[in-house]
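Number of protein chains: 2
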Amino acid sequence: MRSVRWIKEIRFDEKGLVPALIQDARSKELLMVAYMNEEAVRKTLSTGKTHFYSRSRKRMWLKGETSGHIQRVRKIFLDCDGDALLVQVSQAGGACHEGYRSCFFRRLNARAGRWRTAGRKVFDPKKVYGPSESR
Amino acid sequence: MRSVRWIKEIRFDEKGLVPALIQDARSKELLMVAYMNEEAVRKTLSTGKTHFYSRSRKRMWLKGETSGHIQRVRKIFLDCDGDALLVQVSQAGGACHEGYRSCFFRRLNARAGRWRTAGRKVFDPKKVYGPSESR
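Just so you know, the sequences run in chain order G and L. Going by this note's numbering, the letters in the first sequence line up with residues 1 to 135, in that order. Going by this note's numbering, the letters in the second sequence line up with residues 1 to 135, in that order.
None of these hints come from the bench; they were simulated from the model. In this text, all values refer to a predicted model and were calculated from it rather than measured experimentally. Warning: the hint list may mix true and false statements.
[Stated by the list, open to error] Below are the SDA-like pairs computed for lysine to any residue, each with C-alpha atoms no more than 20 Å apart in a straight line: (1) 28/L with 90/G; (2) 15/G with 15/L; (3) 126/G with 107/L; (4) 58/L with 14/G; (5) 28/G with 43/L; (6) 49/L with 92/G; (7) 15/G with 35/L; (8) 28/G with 92/G; (9) 121/G with 82/L; (10) 43/L with 113/G; (11) 75/G with 35/L; (12) 126/G with 80/L; (13) 126/L with 107/G; (14) 126/G with 81/G; (15) 75/G with 43/L; (16) 28/G with 119/L; (17) 75/G with 29/L; (18) 75/L with 116/G.
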């Protein structure tokens, strides 16, 4: 890329992170939200595959590095305040480590006061990650 | 509501906040992201209109309290980690205080290294908020 001016317009928080909302480019389904540091934003753009910063593991990771369920970047948007990214992707397999297409697979049933599974399961996490791995 | 068990499953961060991704229930367009504290979550459910917690103003606010551009809640989802909400809404007017339907109105043109306006302007913010107000 010729210029990095665009990256200066992203307002990373005090931890150097920005939330990235990941949306299926075709169906517009919201797949997940994760955080990027500046390195992850650059790597996402240079490789065309989403990279995030794991706050628990304190390192950058390629989405799909274990599962193969990578996300190919189609379009990137920045919000009015500059403190959130929206990334439209083509998702291989499922976004959620629990085997669902989307991480937002629990829907509130307000009358019952419960979250109910409403998502589409697209793979078996035990087969993809092994019995003990979580992601 | 009969039970508040469901609210205990939301993992608010160390500031007592959870990001809420707001999506148009019909078109699936991502409209904005903002933060809710527990009070805002409860108020959103009891009134059927989105409420958020403003980190800068340090108070809860009703989306559309100035502009009239309220968001009627259709469905609420929780992600696998419990630390993000997805709220599908019917949006009156535009979600963005700059007059756009969505806050994500800037799209990255990677070749040019620039964010370019790609959104739909649906109202004149000066007419809605007055010349000096920002929201």
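Hints, verified against the model:
no.	hint	in the structure
1	28/L with 90/G	holds, 16 Å
2	15/G with 15/L	holds, 14 Å
3	126/G with 107/L	violated, 38 Å
4	58/L with 14/G	holds, 18 Å
5	28/G with 43/L	violated, 28 Å
6	49/L with 92/G	violated, 35 Å
7	15/G with 35/L	holds, 17 Å
8	28/G with 92/G	holds, 15 Å
9	121/G with 82/L	holds, 18 Å
10	43/L with 113/G	holds, 15 Å
11	75/G with 35/L	violated, 24 Å
12	126/G with 80/L	holds, 16 Å
13	126/L with 107/G	violated, 38 Å
14	126/G with 81/G	violated, 40 Å
15	75/G with 43/L	violated, 34 Å
16	28/G with 119/L	holds, 16 Å
17	75/G with 29/L	holds, 14 Å
18	75/L with 116/G	holds, 12 Å
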